[in-house]
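Engineer: Under the numbering used here, the first residue of the sequence shown is numbered 1, with each subsequent residue one higher.
Derived from the structure by calculation, the hints contain no laboratory data. Hints may contain errors.
Cβ-Cβ distance ranges computed for the label pairs, FRET-style [to be verified]: (1) A55 with P94: 38 to 44 angstroms; (2) Q72 with R35: 40 to 46 angstroms; (3) P81 with H38: 24 to 30 angstroms.
Even glycine gets a Cβ: it sits at the ideal position worked out from N, Cα and C.
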Amino acid sequence: LAQALPFAAPTSPNAIPLAHTFTAFFFAVVTGASRFAHTDWLRGDRALHALLGIARFPGDDTVRAFFRQFTQRHIEAFWPPLWRWSLALVTAPPEGFHLASV
């Protein structure tokens, strides 16, 4: 994921890696977050941090600042690798995909 991000990693020694920030946002959405502020729901879950390998879990301000960096050019550069990665996670059923008739 870090290699596919379209901008440079932060240089501050206290900065949270960009891949960790994106992962935190992703898991917040998976667990029902509908706002950046909901990212804070997961900050106290030390077991989740250990499973994800994230020592410092970003808060909503960090996640918001991460997404503020994206421009249209960044989105166009970042989307294709993210799409390929997500498709690689999906296994096709033996009978293939089809639309259900109503």
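Engineer: Run every hint past the structure and note whether it holds.
Structural biologist: Structure-based check of all given hints:
1. A55 with P94: 38 to 44 angstroms: Given a distance of about 42 angstroms, which is inside 38 to 44 angstroms, the answer is holds.
2. Q72 with R35: 40 to 46 angstroms: With a Cβ separation near 23 angstroms, Q72 and R35 fall outside 40 to 46 angstroms, so the hint is violated.
3. P81 with H38: 24 to 30 angstroms: Given about 26 angstroms between the Cβ atoms, the range holds.
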